[in-house]
Each structure stands twice: as structure tokens, then as C-alpha cells.
Amino acid sequence: MDLSFFFQQFINALQLGSLYALIALGYSMVYGVLLLINFAHGDIFMVGAFLGVTGSMVLNLPFVPTLLLAMLVTGLLGVTIERVAYKPLRQASRLSAVITALGVGLLLENGMLALTGADPRSYPAEFIVTDSTPFGLSFDSVSITNVKILVIALAFVLFLGLYTIVQRTKWGMAMRAISYDKFAVPLMGVSQDQIISLTFLLGAGLAAAGGILWGVAFPVLNPYMGMRIGWKAFIAAVVGGIGDIRGAMVGGLLLGFIEIYVVAYGKNIGVSSTWRDPIAFGLLLLILVVRPTGLFGVARRQKV
Amino acid sequence: MSKRFTILILSLAVVAAAFGGPALAQDDCDFVGEIYLGVIAPLTGDIPKVGQDTVEAAQMAVDEINAACGLEVDGESYEVIIVVEDNESKAESSVAVATRLIVEEDVLGIIGPQASKQAVPTGQVANDRETPMISPWSTNPDTTFDRPWVFRAAFLDPFQGPVVASFVQNEFGAETAAVLYDVGSDYPKGLAENFRDAATANGIEVVGFETFTTGDTDFSSQLTNIIADSPDVIFTPQYYNEVPLIVQQARELGYEGPIVGSDSWGTADLLDLCGEACNGLFFSTHYAPDIATEVGQTFISAYEERYNATPSDVAALTYDAFQMMFMAIENANSLDKADVRDALANIELFEGVTGVMSFDEQGDPIKCAVIIQIQDGAFTYYDSACPAGFPPETAE
Numbered sequence: 001m002d003l004s005f006f007f008q009q010f011i012n013a014l015q016l017g018s019l020y021a022l023i024a025l026g027y028s029m030v031y032g033v034l035l036l037i038n039f040a041h042g043d044i045f046m047v048g049a050f051l052g053v054t055g056s057m058v059l060n061l062p063f064v065p066t067l068l069l070a071m072l073v074t075g076l077l078g079v080t081i082e083r084v085a086y087k088p089l090r091q092a093s094r095l096s097a098v099i100t101a102l103g104v105g106l107l108l109e110n111g112m113l114a115l116t117g118a119d120p121r122s123y124p125a126e127f128i129v130t131d132s133t134p135f136g137l138s139f140d141s142v143s144i145t146n147v148k149i150l151v152i153a154l155a156f157v158l159f160l161g162l163y164t165i166v167q168r169t170k171w172g173m174a175m176r177a178i179s180y181d182k183f184a185v186p187l188m189g190v191s192q193d194q195i196i197s198l199t200f201l202l203g204a205g206l207a208a209a210g211g212i213l214w215g216v217a218f219p220v221l222n223p224y225m226g227m228r229i230g231w232k233a234f235i236a237a238v239v240g241g242i243g244d245i246r247g248a249m250v251g252g253l254l255l256g257f258i259e260i261y262v263v264a265y266g267k268n269i270g271v272s273s274t275w276r277d278p279i280a281f282g283l284l285l286l287i288l289v290v291r292p293t294g295l296f297g298v299a300r301r302q303k304v
Numbered sequence: 305m306s307k308r309f310t311i312l313i314l315s316l317a318v319v320a321a322a323f324g325g326p327a328l329a330q331d332d333c334d335f336v337g338e339i340y341l342g343v344i345a346p347l348t349g350d351i352p353k354v355g356q357d358t359v360e361a362a363q364m365a366v367d368e369i370n371a372a373c374g375l376e377v378d379g380e381s382y383e384v385i386i387v388v389e390d391n392e393s394k395a396e397s398s399v400a401v402a403t404r405l406i407v408e409e410d411v412l413g414i415i416g417p418q419a420s421k422q423a424v425p426t427g428q429v430a431n432d433r434e435t436p437m438i439s440p441w442s443t444n445p446d447t448t449f450d451r452p453w454v455f456r457a458a459f460l461d462p463f464q465g466p467v468v469a470s471f472v473q474n475e476f477g478a479e480t481a482a483v484l485y486d487v488g489s490d491y492p493k494g495l496a497e498n499f500r501d502a503a504t505a506n507g508i509e510v511v512g513f514e515t516f517t518t519g520d521t522d523f524s525s526q527l528t529n530i531i532a533d534s535p536d537v538i539f540t541p542q543y544y545n546e547v548p549l550i551v552q553q554a555r556e557l558g559y560e561g562p563i564v565g566s567d568s569w570g571t572a573d574l575l576d577l578c579g580e581a582c583n584g585l586f587f588s589t590h591y592a593p594d595i596a597t598e599v600g601q602t603f604i605s606a607y608e609e610r611y612n613a614t615p616s617d618v619a620a621l622t623y624d625a626f627q628m629m630f631m632a633i634e635n636a637n638s639l640d641k642a643d644v645r646d647a648l649a650n651i652e653l654f655e656g657v658t659g660v661m662s663f664d665e666q667g668d669p670i671k672c673a674v675i676i677q678i679q680d681g682a683f684t685y686y687d688s689a690c691p692a693g694f695p696p697e698t699a700e
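From first to last, the protein sequence lines stand for chains A and B.
In terms of the numbering used here, the first sequence has 89 at position 89, counting the first letter as 1, and numbering is strictly consecutive.
Just add 304 to wherever you are in the second sequence, counting from 1, and you've got the numbering used here.
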């Protein structure tokens with residue numbers, strides 16, 4: 001195969017991987033702070049995408065205000081879910097919290113179904129581009145549309161923003177402290193509740209951004225879209241090392257690359273595109289066998 | 305005082321019920337009982353518009369027959385009542401609701417499911433539990449194959465595949481073709497294979513045969529693969545929620561050639577979701593309102609008046625399926641499921657909204673297909689394709 005084919009698939013993989021990564025970040029953050037897999041996260045992503053529809057079609061806002069509005073509202077939704085569903089279970093077994101998360105997810109899915117009906121929706125065509133043709137770049141036979149550029153760029157910008165917050169600010173330090181030793185943090189005069197709420201705010205906000213970017217890249221939305229993507233992003237987060245946001249980014253990109261390249265080059269080794277999912281997840285499984293904590297993960301020791 | 309008041313209210317209630325009850329029934333028809341027919345449709349899930357069209361056509365068919373005093377069996381009139389169930393576009397839900405309809409609601413027959421992915425397993429249930437079932441829209445042969453209790457109103461994919469293959473050859477002079485389809489769903493998988501076999505038999509080289517799984521939205525790598533081999537045409541037998549994404553991504557990746565579809569494209573929501581990008585594209589399907597016969601015109605005007613929209617192929621086929629069921633019940637002159645099944649199997653020539661059809665030994669219709677082109681955001685009739693030796697539709 002030639003270079004332009006490789007490069008085209010590279011761009012495809014970057015876009016897909018960036019979307020997975022944005023959602024995986026939320027899983028990682030919440031797990032890092034609460035040791036809880038927030039299975040409702042995929043559905044929060046879906047809510048964010050639908051809020052984007054509201055912003056663009058009902059309120060007629062352009063892209064950036066819609067994105068910010070959706071991120072904020074979804075972030076608040078995340079905080080509310082945490083207060084209502086997860087906070088009362090902080091002392092309970094982890095299993096209860098996980099099951100609650102699944103329940104919240106179902107609530108969001110069916111609530112959205114009841115609210116908007118089952119018909120698929122899309123964003124208006126003028127939402128991103130000012131004219132009908134993607135301005136993008138096109139050279140040789142590689143086409144990079146402006147949507148792809150936007151998705152990749154925004155994902156990296158958001159990740160860098162999050163990384164800065166986590167590593168360089170006091171809030172971020174508090175978040176890392178809670179994931180290190182939950183009980184020592186209040187002793188330092190930091191409110192656990194506030195930090196946990198902040199975590200959910202950021203995580204859900206990122207999921208909303210992911211949702212809107214997903215909706216722009218693949219403009220057919222339905223209330224069940226969060227389910228599949230949520231599971232895939234969760235797996236990506238685990239493979240990257242759940243609890244570490246660099247792991248989520250790497251895991252998401254890795255999953256995207258594997259999915260795209262298995263299809264792209266599978267033909268050459270007699271493997272049809274039907275084998276994409278088995279091979280992709282087989283490889284991820286292999287990574288976990290070799291490194292069970294994930295690529296960036298750190299083993300947790302339990303004192304007996 | 306309060307005791308008298310209570311008695312007054314109670315007697316008024318009794319009088320109201322006595323008058324209110326009979327007033328609700330049909331005026332001149334003397335229904336001695338009810339016939340229950342089950343309707344299984346994808347009201348939620350991937351293709352809810354198909355479910356909506358099904359229910360609309362079903363209600364219209366049933367209201368029409370009841371206004372004409374229902375179905376006549378043994379000289380008595382029976383009111384037809386439909387029991388609608390949502391199969392959520394999932395095979396397991398479809399099987400569950402079918403079982404419920406047969407066992408709990410004791411329906412005389414079932415109309416539906418629509419998509420082959422649900423129709424094939426549900427047909428097994430209907431066949432095992434000996435209840436006549438007619439799928440209006442399913443085109444995969446497995447729905448009725450070796451199942452004496454299951455029928456359909458649509459043509460088969462082994463017929464549709466060659467229709468499309470001939471079309472792309474005649475229309476575009478295509479020498480190479482590529483297919484993108486959902487390997488996880490019976491209909492696209494079956495039809496993709498039918499097309500590939502027919503195209504190859506016609507001398508077209510199938511250079512790309514790429515798959516994805518139900519629910520995927522990113523087809524960029526599969527399409528990049530396909531485009532790298534420069535096919536003259538891309539065939540994608542997918543549903544209206546997937547086609548806009550496929551077309552959009554193909555165009556973005558630089559493919560400028562024709563993209564052709566099949567009868568799963570025929571839902572009006574495709575036009576809203578796809579917009580400009582789908583203009584000029586072709587697909588094969590069951591009927592075109594533009595060339596409707598008299599029977600068809602009557603149905604179309606009645607549907608447009610009631611629902612303010614042109615009926616889709618799903619609606620037209622559902623209506624035909626109901627007419628077939630009504631005809632069978634009256635021909636059988638019995639409320640026994642076995643008799644109705646026999647009557648269905650004995651229908652020789654049926655003129656429906658979707659055209660004239662005869663039936664083969666499997667109970668599948670032999671009928672014509674049409675090619676539709678999307679022009680200016682609307683479905684427009686382009687051409688017909690009839691089986692060899694079959695009398696074509698008597699168009700105006």
C-alpha cells in the first residue's frame with residue numbers, strides 16, 4: 001500500500017481514537033478519585049450530544065456557545081448524579097455503587113427516549129461549516145475535512161487543559177490526593193465532597209464535548225448511542241491504566257488505531273473487516289494479560 | 305340528605321353507562337365477536353420510522369374493514385382488533401412479544417416483524433406455535449423458508465440482488481463494484497451476498513466487500529479501503545439511519561461515483577437525515593407512488609388524507625399484508641388458525657397496492673421491483689424490473 005493510504009487511515013484513526021479518548025478520560029478520573037466505574041458515563045456522553053442538538057436547533061446558537069453550554073449543563077448533571085446516586089453509597093460495597101451506576105445509565109437512556117422519541121436526530125448542516133463543502137485539506141488522495149481537524153485538535157486541547165488542571169492546580173492536587181489516600185484529605189482541610197463534585201463536573205463536561213464532537217462527525221444521534229461507545233471507551237481506559245488520565249488518552253487512541261488499521265491492512269493477510277472487533281479486543285486482552293494494571297496503571301497494594 | 309344524594313348520583317351513573325355503552329359501537333354493524341390480529345413493529349430502536357409507518361398502515365386497514373362491517377365468517381360479522389407490540393428492533397424482544405401475542409392474546413394471525421433480523425427468528429416462533437404470520441417487508445429468504453405457517457408480502461433478496469446488479473451494469477456501465485454492509489444483520493448480509501454473486505455472474509468484478517457491525521458509525525477505514533480500489537459503483541444495502549453516514553463519509557474521503565442502495569433505503573426520514581448528499585442516488589424497492597395502479601391510487605389518497613404524508617413502501621406492504629390476511633380469513637370462512645393458513649397458501653393471484661403478485665411453493669410473492677432515484681429531496685420513480693415471463697404491473 002502507498003503512503004497516502006497509510007496517512008488517510010492515520011487521520012481516520014486519530015479522529016476515532018480522539019473521540020474514544022475524550023470519553024475514557026471521564027471513566028479514568030472518576031475511578032481514580034472514587035474507585036468507582038461510572039457505567040452511566042456513556043449515557044452522560046449521549047445526553048451531552050443531545051444537549052448540543054437543543055443548543056443548535058432550539059436556541060440557534062453557533063458551535064462554540066453550544067459546546068460550552070452543553071459541557072456546563074452536562075457537568076452539572078454529572079454532579080447531580082453523584083450527589084443523588086453515588087454519595088449515599090460511599091460507605092457501601094463497591095458492588096452496590098456499580099449496580100447503581102448501571103441503573104442511572106438505564107434511567108438516562110430511557111428518559112431520553114421518552115423525552116425525545118425514538119427517531120434518530122442530526123445537527124443542522126450549518127452547525128460547523130460555513131459552506132457546504134468541508135474546507136479541510138486535500139492533497140494526493142488524502143482528504144482531511146475540517147471536522148476531523150476540529151475533533152482531533154479539540155480533543156488534544158481538552159486533554160492538555162485537564163492535565164494542567166490535575167497537575168498544576170490546587171484542585172488537581174486535591175484530586176490526586178483523594179485517589180492516593182481518601183481519608184487523609186479531610187484532615188488537610190480539604191472538603192472531599194467538593195473535590196469529588198469537581199471531578200464529576202470535569203468528567204461529565206468532557207463527555208459532553210465528546211458527545212458533540214461525535215455528533216458532528218457522525219450526525220445521526222439516538223438515545224442508545226452511549227451504550228456501545230461507553231463500553232468501548234471503558235475498555236480503552238482500562239487498557240491504558242484506569243485512574244491515570246494519560247492512560248485514558250493513550251488507551252483511547254490505541255483502540256482507535258487498532259480498529260482502523262486492522263480493517264485497513266487486514267486484507268493483505270487474508271483477514272476481512274468482519275474480524276475487526278475480535279482482533280481489536282483480542283489485542284487489548286493480550287495487553288492486559290501482559291500488564292494487568294494497564295499501560296500507565298499502578299498496582300494497588302492492600303494491607304491485610 | 306347525603307344518602308339521597310348518593311342514590312341520585314349512582315342512578316345517574318347507571319343511566320349514563322346504559323346509554324354510553326352501546327353508543328360507542330358501530331351503528332349499523334352487528335358484531336358478534338372480535339378477531340384479534342397481532343402487529344409486531346420496531347417502534348423503538350434503530351428504525352422507529354418503519355414502526356410508525358407499520359402502525360399507521362395497520363390502523364388504516366383495520367378501520368377501513370371495520371367500517372365495512374368487519375370480516376364475515378359463517379355469515380356473522382366480526383370486528384377486527386389489532387394488538388400492537390414493539391420489538392425494539394431486537395431479535396430477542398421480537399421473539400418474546402410474538403410468544404406473548406400467541407399465548408396470552410390468542411391472536412388469529414400476526415402481521416410483522418418488518419426487518420429480517422427480527423422476522424427470521426420470529427417466523428420460527430410462529431411456525432412452531434402454528435400461527436399464521438405475514439411479514440410485509442422482510443426480503444431475506446430464511447423468514448419463510450421451510451415454514452408453512454409464515455408468509456410475506458415482499459419480493460426476495462435473491463431476486464433483488466440481480467435486479468441491482470443488472471441496473472448498475474445498464475445504467476453506469478459498471479465494470480467494478482464494491483459493497484459495504486452490516487455483517488451482523490440478516491438482511492444486509494444476505495442481500496450483499498446476493499448482489500455479489502449476481503454481479504460476478506454478470507461479469508462485474510467485485511473489488512471491495514467490506515463489513516461493519518450493527519451500531520457502528522465510523523466507516524472511514526472500510527471506505528478508505530474501498531476507494532483505494534476505485535470501484536465504478538458502491539452498493540450499500542443499509543437502513544435509513546446508516547445510509548446518511550455512509551454517503552457523507554464516502555464523499556468526504558473523495559469518492560465521487562454513484563452509490564446505490566436497496567429497499568431498506570425507502571423510508572422518508574432518509575431524506576431529512578441525508579439532505580443534499582443523497583440527491584441523484586438510486587435504490588431498488590417495492591413500489592413507487594408515481595406509477596401506482598388504481599388500487600394503489602385509492603390507497604395513497606386515503607393515506608395522504610389521513611396522515612398528511614405519502615405512504616412509504618413499508619406502509620404499502622403492511623396494507624397489502626392486511627388485505628391478504630383479511631382475504632384469507634374470509635376465504636377460509638373459519639376462525640381456526642389452520643384453516644386461515646391453508647387459505648393464505650391457496651391465494652394464487654393477488655392485486656395489492658404494491659402491484660400484482662403470484663406466489664410460489666414457499667409462499668413467497670413473485671412480483672416486480674422498481675428503481676427509485678432521489679431527486680430534489682424526494683423519491684422519484686425511475687424504472688421497473690420484473691421477473692422473466694411475469695406479467696408486468698398494469699400501469700396507467
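Worth flagging that the hints you see were computed from the coordinates, not collected in a lab.
In this text, all values refer to a predicted model and were calculated from it rather than measured experimentally.
Don't take each hint at face value.
Quick list of the computed label-pair ranges, beta carbon to beta carbon [stated by the list, open to error]: (1) A:Phe-7 x B:Glu-408: 56 to 64 Å; (2) B:Glu-408 x A:Trp-231: 29 to 37 Å; (3) B:Gln-363 x A:Thr-116: 17 to 25 Å; (4) A:Phe-7 x B:Asp-501: 31 to 39 Å; (5) B:Asp-367 x A:Asp-119: 21 to 29 Å.
All residues carry an ideal CB built from backbone N, CA and C; glycine is no exception.
Structure-based check of all given hints:
With their beta carbons about 59 Å apart, Phe-7 (chain A) and Glu-408 (chain B) fall inside the hinted range of 56 to 64 Å. Judged by the Cβ atoms, the range 29 to 37 Å given for Glu-408 (chain B) and Trp-231 (chain A) holds: they are separated by roughly 34 Å. Separated by about 24 Å at the C-beta atoms, Gln-363 (chain B) and Thr-116 (chain A) satisfy the suggested range of 17 to 25 Å. For the hinted restraint 31 to 39 Å between Phe-7 (chain A) and Asp-501 (chain B), the CB-CB distance of approximately 35 Å keeps it satisfied.
Between Asp-367 (chain B) and Asp-119 (chain A) the beta carbon distance is about 25 Å. The supplied range of 21 to 29 Å therefore holds.
Violation of the numbered hints given earlier is absent; every hint is satisfied by the structure.
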